[in-house]
Amino acid sequence: MRQYIAGVDIGNATTETALGIVEDGRLIECVSGIADTTGIKGTIENISGIRKSMKDAADKLHLRIDQLDLVRINEATPVIGDFAMETITETIITESTLIGHNPDTPGGLGIGIGETASLKQADALEKDKKYILIVDDSFDFVEVARMINELENTGIRIEGAIVKKDDGVLIHNRLSRKIPILDEVEAIERVPVGMPCAVEVAAPGQSIDLLSNPYGIATVFGLSVHETRQIMPIAKALIGNRSAVVIKTPAGEIKERRIPAGDIHINGQRNSLKVAVDLGAQVIMRTVHRAGEIKDVTGTKGTNVGGMLEKVRNEMALLTEQEAKDVKIKDLMAVDTIVPKEVGGNLAHEFSMEKAVGIAAMVKTHKLHMERLANALEQELGIKVELGGVEGSMAVIGALTTPGTEKPLLVLDIGAGSTDACLLHEDGSTKPVHLAGAGNMVTMIIGAELGLDEIQIAEDIKKYPIAKVESLYHIRHEDGNVEFFTEPLDSKLFANLIILKPEGWRILRTKQSMEKIRRIRRDAKEKVLIQNIIRALKRVSLTDNLNEFEHVVLVGGSSLDFELGNMVTEALSMYGIVSGKANIRATEGPRNAVATGLLLHYLQQGQGGIR
Amino acid sequence: MKSTEMPNGPFIPILLLDEGEMDVARWVEFGIEEEGIPFQMMTESCLTATLIADVEQETNGVMLAHQSSLGVAVVVGSRGIQIFSRLRKDKAPLLVFQLANDGSDCPKAKLAGKNAARIVKGKPMLDIG
Chain R
1 MRQYIAGVDI GNATTETALG IVEDGRLIEC VSGIADTTGI KGTIENISGI
51 RKSMKDAADK LHLRIDQLDL VRINEATPVI GDFAMETITE TIITESTLIG
101 HNPDTPGGLG IGIGETASLK QADALEKDKK YILIVDDSFD FVEVARMINE
151 LENTGIRIEG AIVKKDDGVL IHNRLSRKIP ILDEVEAIER VPVGMPCAVE
201 VAAPGQSIDL LSNPYGIATV FGLSVHETRQ IMPIAKALIG NRSAVVIKTP
251 AGEIKERRIP AGDIHINGQR NSLKVAVDLG AQVIMRTVHR AGEIKDVTGT
301 KGTNVGGMLE KVRNEMALLT EQEAKDVKIK DLMAVDTIVP KEVGGNLAHE
351 FSMEKAVGIA AMVKTHKLHM ERLANALEQE LGIKVELGGV EGSMAVIGAL
401 TTPGTEKPLL VLDIGAGSTD ACLLHEDGST KPVHLAGAGN MVTMIIGAEL
451 GLDEIQIAED IKKYPIAKVE SLYHIRHEDG NVEFFTEPLD SKLFANLIIL
501 KPEGWRILRT KQSMEKIRRI RRDAKEKVLI QNIIRALKRV SLTDNLNEFE
551 HVVLVGGSSL DFELGNMVTE ALSMYGIVSG KANIRATEGP RNAVATGLLL
601 HYLQQGQGGI R
Chain P
1 MKSTEMPNGP FIPILLLDEG EMDVARWVEF GIEEEGIPFQ MMTESCLTAT
51 LIADVEQETN GVMLAHQSSL GVAVVVGSRG IQIFSRLRKD KAPLLVFQLA
101 NDGSDCPKAK LAGKNAARIV KGKPMLDIG
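Here the protein sequences line up with chains R and P, keeping their order. Heads up: the first sequence is residues 1 to 611, going by the working numbering. Heads up: the second sequence is residues 1 to 129, going by the working numbering.
So that you can see chain P by itself, here it is in the shape it has in the complex (with noise of 0.2 Å):
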């Protein structure tokens, strides 16, 4: 495992890789924060450099979510919102969220925020649609 600058502390670390993309972000805080779980938006200067260019290469979300003590992380960016778990072994996102630069956005970037959350509390994902 690569070192990061990761905080300590148990939250959701919410990485935004597209500065564009802040709004979709803000949301997906609302979404975590409703469901009462800690998190932390990232952007790129928070990680290491080969961290961040093995998210971008969608390589090793995975270990975004390894060194939450939650073991969740959210990366937000052109690809749209991926939610990875370390309770999925390979490196795969748990769940993905294609954006559709409208309005419908916010409110998908709410729930996915919820659903982020809710692996964490062990309760049955939300359906986004």
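Chain R extracted, bound-state conformation (with noise of 0.2 Å):
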């Protein structure tokens, strides 16, 4: 007798097919079927994008959906995921003390010091004296030079300029005697006058040395120890400048101070226990893994991370037509990260890099609602629907079809919310874990670290590798590795980054080097996925011996990133597990795990297995 059976998988991003011709309990053909998961996965709204995937699947075996006997359907793992970020540390200025930026064309060279003056006031300065000329937009740079040019031969010393026009170049090529000059500062009306000021501009290819020195800015104002200490966060802010200006005012005062973070309250099997979130990662780390396994964790309201866990209770509360308070989240995860914060006070937009934490939770409560979806399916089809298993126990049968797996096997499954690990043992059973922290997190991460103000572009950072275009007729690929065209390129690419998407290339405006974005992606990915991965391995283990595991493979649409897989390999490989890409069916690659289980599995049941 001949079947036609679907396993149909509805995933948070994509619902995938895995149809099989059946011929008296044997498998004779499969094939699959993807399109994108419509609605929130475990509702009736489903059910479009579970048909488009079966037609998929259907065409190619030259099908009718109606012509099906049996479609299976996950029970899907009630699971949400979600991530916050808190700033732990941030440099605040009172008054106007600091322009630190790195405009591209800073004009001379060297190290000014004098008292601000605005060249407007020029009548009033006076002989003798040493003065940092403050410039508005007013003048032009013709101007400009000529009026310090005469000043300078009235006997004023005009030892530096802060300009507001993108002139400094131009205005320093037209000085009879060569000063720094700081120019592109959009705020100059805010510059004080009649204050202690020092100017200095770095030579081409370097970075300025006296005012990113504490030591440096207290020999030029003459600070006390107590002023020194104080400043520390300047010089901290300014290191790596080109130019800088540093102002001296009497009730001036720069802070790096801690932000009060709140706390996170994890009630554990073994203990309850409350970590403030400014301590950083590796203490909350450490706090959840001495509560034990969680039972429920709370954050101080008003702070993003005590939101984000109400958040994401509520969400599944909504979800699953339960109280939020019987909603309980179950793990956390916590990394260290230094973002670029905008300096409060600042006059051209000066950043410094701050002390952050992200923090990822996830809720998993009883199951969703997938027989009303089955119910609902069937009715819509007129075929049998059913649910075929839990979601973690067909990938692991599904991904038991990559050639050179065998059990004991570990699969992984790293969505955008939450981690998913299943061990699937000798004699069959299975162990799954569900963890916080997963492709959201990373894609926050590498946001924050590079200072993005669109979430998309760091998740096409996460996603593809980037690139840069050195000539209209060639590229340099993040490897190292030239790529030439025999068409010129379009001249708004040139020398810039690009992010090599396949539907085409994305020009990435930053000042950053590709070898910094290339080791921020690593990085987060690293911190996130890979330890994760490490957690996962830890928590199915019995002895928390690592070694004890042989294969581990990766399945889901996340596998499909470009470089996962081979960090996952080399992550493991030092404790002699084999582990990469599933290849589902040995044609499918990451793709299908559970659908092809949820068919096997139907096969399993009737025949005792094809494997």
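Source of the hints: derived by calculation from the structure; they are not laboratory data. We treat Cβ as the ideally placed atom computed from N, Cα and C, and that holds for glycine. Don't take every hint at face value.
Straight line, CA to CA, 20 Å or less: simulated EDC-like cross-link-like pairs of lysine to aspartate or glutamate [stated by the list, open to error]:
#	chain 1	residue 1	chain 2	residue 2
1	P	Lys123	R	Asp490
2	R	Lys328	R	Asp296
3	P	Lys121	R	Asp104
4	P	Lys91	R	Asp490
5	P	Lys89	R	Glu470
6	R	Lys492	P	Asp90
7	P	Lys89	R	Asp490
8	P	Lys123	R	Glu470
9	P	Lys123	R	Glu515
10	R	Lys384	R	Glu45
11	P	Lys123	R	Asp296
12	R	Lys511	P	Asp127
To be clear about the criterion: a stretch of chain P counts as covered by chain R if any three or more of its residues have a C-beta under 8 Å from a C-beta of chain R, and this derived list gives those stretches [stated by the list, open to error]:
#	segment
13	33-40
14	81-89
15	110-123
Fit chain to chain and form the complex, with the hints in mind.
This is how it looks when you write it as structure tokens:
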């Protein structure tokens, strides 16, 4: 007897189908289908996506959907993950004290020290005094240079200039005595007049030396020990700049302070513990470990983390039609990061690198309403629909079709919100675990560390390699390889970094180097994904010894990440674990594991297995 | 390549084809100067008649770029500001900026000059709008 059986896996992003021709209980042929998931996983809105995915598969066998005999859908794992970030340090300037930005073309070279004075009040300047001129955009560069030269001729010493327009070099080239000039200072009107000031411009290819050194600033302004300690954040914020200005104001104050980021309360099997977020990720993760298996987690109200924990709880409550108080957070992951934050009270969008903690949470509850979805689907299609099995268990059955795998096998599915793992023991029993922290957290860290405004750019950086357009005919890939083209590239791409998206290159407008972006991207994946894989292995391990595992395979869409497979293989090789991307049915790559598992599970039930 | 009277040395040649656009050409100069790259303004009298004719006909503006040791040339004339680069193997200009004959031309010309210099420096070009 010939039957057409479909296994359908409804995921958060895609709905995948494995459609098999079964003859007398044996699988004759199997094809795959895929479509975007419509609606939130586990809801009636999924039906449209299921239809599309099934049609995609059925078309390959020249079948209509109504010719199918049975559809088996997954018992979706009721897991939702989310993340938040708390910046735990900040630099604040009260009054105007610091300009430390990096205009492309500052003028001159060296250091100038004097009292700030507006060029508009040039008539009031005194002979034999040293000044740093403040120049707004009402002057053109020829006029500025002429006025400075005239002032110098009358015995007034102009030691440097702070200019609003991008005219630093133009002014410098027209001066009879050369001075350092910092240009492109947008908030020029906020630069205080009559204050001691130092301007420093380094040679091209070099960074400032004096003003990025706290003792250098102390020397310039004659600071006390206490004052030197206070200006430490200024020096730190100026490191690496080609030009900078520091102005000493009487009431001016720079603070690097810790922001109270609230507490996390972890109610665990062994202990109930509280940890302050601003202590950092290592302390938080140690506390999570000490608490034992997590029963629930709450956070201080009014903080980002507190808000995120309640949001994820409420989302799950809505999805499962439960009271929010009955939904429990079952895992927490914290990652330390350093993010560029605009300095409070800045004059030219100065940034300071601040410490931050990224926190991901995972909530798990009882079954989603998949029965309801199965019944609705059966009515809609007019064919029998059944719940085939738990997602994790089906994934391992599907993953075992990867050539070179055997039991015991650990299958990892890195999703957007959570990392799911399932261990298949030799006796066929399974142990699933669900961990907080996954793809979305990696995106958040990349976006935060690069200071990106648009999250989609961070998502693209996570997913695709980058390259630099070095000429109109060639690009240099991030691994150093060069690719040549016979037709000229768009001149807008010239000298830019690009993200090599399959559907077309995207310009990455940033001053960061290709090497730094690549490092941040790989570090984020290492900090979240690789660490989570190791956590998953420890959770399912009986002995807390990772060497007990032999095979780990990655399944799901995120395994298609262009570098993750190799990163996992590299990381787990030191434990003697064979790991890599799955190749479901030796043809599908890491996709279709659950759908294939649903189909094979049906055969195993009837025929005692096909492998 | 036809012979020219182009001086030796590393600079971006700015060829002014229309004396009426002198102001625009000057602002192109300022843009290049701000980026710290040498430049030299040239008028028709500096170059051979054949080369001028080629440039005017937009058939060989890139020749100027080839003759510049920095590989970039700017032509200012009735067609606006054209930036040529020897990076481009065909004869088309790399960038063209139309002039509006209003107050926006000078800042635009300065940015065009900066972009010409940034091609030499291998830096991303600025958005002129």
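Practice task
For the pair we were handed, Lys511 (chain R) and Asp127 (chain P), check the Cα-Cα distance against 20 Å.
Solution key: holds (15 Å)
Exercise for the section: Verify the proposed pairing of Lys123 (chain P) with Asp296 (chain R), using a straight-line Cα cut of 20 Å. Expected result: violated (52 Å)
Problem - 20 Å limit on alpha-carbon distance, applied to hinted pair Lys121 (chain P) and Asp104 (chain R) - result: holds (12 Å)
Practice task
Would you mind confirming whether the straight-line C-alpha gap from Lys89 (chain P) to Asp490 (chain R) stays at or under 20 Å?
Solution key: Roughly 13 Å between the alpha carbons, so the hint for Lys89 (chain P) and Asp490 (chain R) holds.
Handout entry: Restraint status (C-alpha distance of Lys123 (chain P) to Asp490 (chain R) at most 20 Å)
Key = holds (15 Å)
Practice task
Examine the segment 33-40 of chain P for residues whose CB is less than 8 Å from any CB of chain R, and state whether their number is three or more.
Solution key: It holds, with 4 qualifying residues against the three required.
Practice task
Given the hint that Lys91 (chain P) pairs with Asp490 (chain R), test it: the Cα-Cα distance must not exceed 20 Å.
Solution key: Judged against 20 Å, a Cα distance of about 15 Å means the pair holds.
Problem - Restraint check for Lys492 (chain R) with Asp90 (chain P), where alpha carbons must lie at most 20 Å apart - result: holds (17 Å)
Practice task
Sort out whether Glu470 (chain R) lies within 20 Å of Lys123 (chain P), counting only the CA atoms.
Solution key: Holds, because 9 Å separates the two Cα atoms, which is no more than 20 Å.
Practice task
Starting from Lys384 (chain R), check that the Cα of Glu45 (chain R) is at most 20 Å away, please.
Solution key: Measuring from Cα to Cα gives roughly 19 Å; hence the hint holds.
Practice task
Establish whether the coverage given for the segment 81-89 of chain P by chain R is satisfied; the threshold is a Cβ-Cβ distance below 8 Å, and no fewer than three residues must meet it.
Solution key: holds (count 4)
Handout entry: Pair hint Lys123 (chain P) and Glu515 (chain R), alpha-carbon separation not exceeding 20 Å
Key = Holds, because 16 Å separates the two Cα atoms, which is no more than 20 Å.
Going through the hint list in order, the structure does not satisfy hint 11, though it satisfies all others.
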